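Asker: This is what each chain is made of:
Protein chains: 4
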Amino acid sequence: MHCLTLTPRFYETDAFGHINNTVVAGWFETGRATVFELFAEADKPAVMPLILARIEVDFVGQIYYGAEVEIRTRVGELGNSSFEVLQEAWQKGALVARGRAVQVHFDHATQRSAPLSDDKRRLLEGLR
Amino acid sequence: MHCLTLTPRFYETDAFGHINNTVVAGWFETGRATVFELFAEADKPAVMPLILARIEVDFVGQIYYGAEVEIRTRVGELGNSSFEVLQEAWQKGALVARGRAVQVHFDHATQRSAPLSDDKRRLLEGLR
Amino acid sequence: MHCLTLTPRFYETDAFGHINNTVVAGWFETGRATVFELFAEADKPAVMPLILARIEVDFVGQIYYGAEVEIRTRVGELGNSSFEVLQEAWQKGALVARGRAVQVHFDHATQRSAPLSDDKRRLLEGLR
Amino acid sequence: MHCLTLTPRFYETDAFGHINNTVVAGWFETGRATVFELFAEADKPAVMPLILARIEVDFVGQIYYGAEVEIRTRVGELGNSSFEVLQEAWQKGALVARGRAVQVHFDHATQRSAPLSDDKRRLLEGLR
Numbered sequence: 077m078h079c080l081t082l083t084p085r086f087y088e089t090d091a092f093g094h095i096n097n098t099v100v101a102g103w104f105e106t107g108r109a110t111v112f113e114l115f116a117e118a119d120k121p122a123v124m125p126l127i128l129a130r131i132e133v134d135f136v137g138q139i140y141y142g143a144e145v146e147i148r149t150r151v152g153e154l155g156n157s158s159f160e161v162l163q164e165a166w167q168k169g170a171l172v173a174r175g176r177a178v179q180v181h182f183d184h185a186t187q188r189s190a191p192l193s194d195d196k197r198r199l200l201e202g203l204r
Numbered sequence: 077m078h079c080l081t082l083t084p085r086f087y088e089t090d091a092f093g094h095i096n097n098t099v100v101a102g103w104f105e106t107g108r109a110t111v112f113e114l115f116a117e118a119d120k121p122a123v124m125p126l127i128l129a130r131i132e133v134d135f136v137g138q139i140y141y142g143a144e145v146e147i148r149t150r151v152g153e154l155g156n157s158s159f160e161v162l163q164e165a166w167q168k169g170a171l172v173a174r175g176r177a178v179q180v181h182f183d184h185a186t187q188r189s190a191p192l193s194d195d196k197r198r199l200l201e202g203l204r
Numbered sequence: 077m078h079c080l081t082l083t084p085r086f087y088e089t090d091a092f093g094h095i096n097n098t099v100v101a102g103w104f105e106t107g108r109a110t111v112f113e114l115f116a117e118a119d120k121p122a123v124m125p126l127i128l129a130r131i132e133v134d135f136v137g138q139i140y141y142g143a144e145v146e147i148r149t150r151v152g153e154l155g156n157s158s159f160e161v162l163q164e165a166w167q168k169g170a171l172v173a174r175g176r177a178v179q180v181h182f183d184h185a186t187q188r189s190a191p192l193s194d195d196k197r198r199l200l201e202g203l204r
Numbered sequence: 077m078h079c080l081t082l083t084p085r086f087y088e089t090d091a092f093g094h095i096n097n098t099v100v101a102g103w104f105e106t107g108r109a110t111v112f113e114l115f116a117e118a119d120k121p122a123v124m125p126l127i128l129a130r131i132e133v134d135f136v137g138q139i140y141y142g143a144e145v146e147i148r149t150r151v152g153e154l155g156n157s158s159f160e161v162l163q164e165a166w167q168k169g170a171l172v173a174r175g176r177a178v179q180v181h182f183d184h185a186t187q188r189s190a191p192l193s194d195d196k197r198r199l200l201e202g203l204r
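Protein chains in written order, with the working numbering: chain Z, 77 to 204; chain V, 77 to 204; chain E, 77 to 204; chain R, 77 to 204.
If you are wondering where the hints come from, they were derived from the structure by calculation, not from laboratory data.
Note that the structure is predicted; figures quoted are calculated from it, not measured.
In this text, a Cβ means the ideal position worked out from N, Cα and C, and glycines have one as well.
Worth double-checking, as some hints may not be accurate.
If you only want the chain Z side, here are some residues facing chain R, beta carbon under 7 Å, derived [said to hold, decoys possible]:
#1 85
#2 87
#3 105
#4 106
#5 169
Let the sequences and hints guide you as you build the complete structure.
Answerer: Okay, structure coming up:
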């Protein structure tokens, strides 16, 4: 599992006085950077062999401005050419949001999904 | 069904050269404004009796800068105190993303979910 | 002069209940798309020969959710290799923000500023 | 002077492959939180007696994904009812952006600017 601590930003609030829901999708992407790093080729961010197929976010509690948020990220099920990333956001000791992302290993040359090598599988298992 | 046409903004792109995935969560919120209007009390945006419980987004195709996007929004299943909003994003005649949101009717005074009145149910059914 | 009409989005509000100030920088970038189009080479957004050197925004009045905003964009002073873009945001008949951007014509091959051709100057003068 | 370290987020990049310019306005707002804290009344973010009158940003160098950014914030000139905030963004030892914000001390009850008390002036001088 990987933990990232974020400080909510004022522009991330909305007129309801809390952090806007859509911001959480961005925070979870930021938490998944730890996964992207396993696939990134040095200095070629534009060709990373991963595609995001699906996200799900459950909003469990209000998220407030003025207190840190911890984003916990771990790898869930591993498929042949795709995998699941499971995430949680915690604030002041409470779970405030839960996320799930499905990432597909993708070959940009052939424009098709590509099996995960044993090497990549081992790296992903390290994030369980 | 409600249709909203958006022009992708340059700052919504990312280093992969397309619209960033997390932006779509914001576009779908914008499309749901047509639902929020059914519940808003004039000039009191901060007390709207709706809470977002869950979002799901399926990323079906790349979304490009330079061509309009149509956000289609309709109400799905109606529960006792919650309802489903089903959304699609279309660009250049192709479906590029699909979304589902679960909105809960919420009483801020009691901090609990509240049954949907017949009046609100009729309004929601008008968006099917 | 070029006019663009935007509908403020809910996630663009902040806890003060209005549109967040930092959003206006994004709206003005969106208004400048009319300038970018004069320089864009077809399907090569990543190599547009323009760099943003400076922005200024004066926040003249509150910007509200729930009413359209018009972004007015025109070219100001033309220098040898740079030019000024002057912008205004209007809502409900009132000026709410004023912006100024300095764009530099840039040669990515040499990594230096490049003089504006007579052709480009004529195009820019058409946006006065 | 106050220093804040930020990690650029992937969704903050744009199709040019770097951090989008408009993001910097948000980062500088985040850096100014150290100023907002001097004026905030506990648990009343919605009534902070400050209004942003103007921002200026000079984009000095490209800002890259993948390396931390330090936002340096200090108070500049103090007027009767307003003050200047001077900011810099540094990445990999290089100045990449410079900002200036004009904040007005504002009385929401009378809807007018209000003189800075000696107490607030001392606090602001502590951020020079």
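Asker: Any hints from earlier that this structure breaks? Give me their numbers in increasing order, please.
Answerer: Hint 5 contradicted; others consistent.
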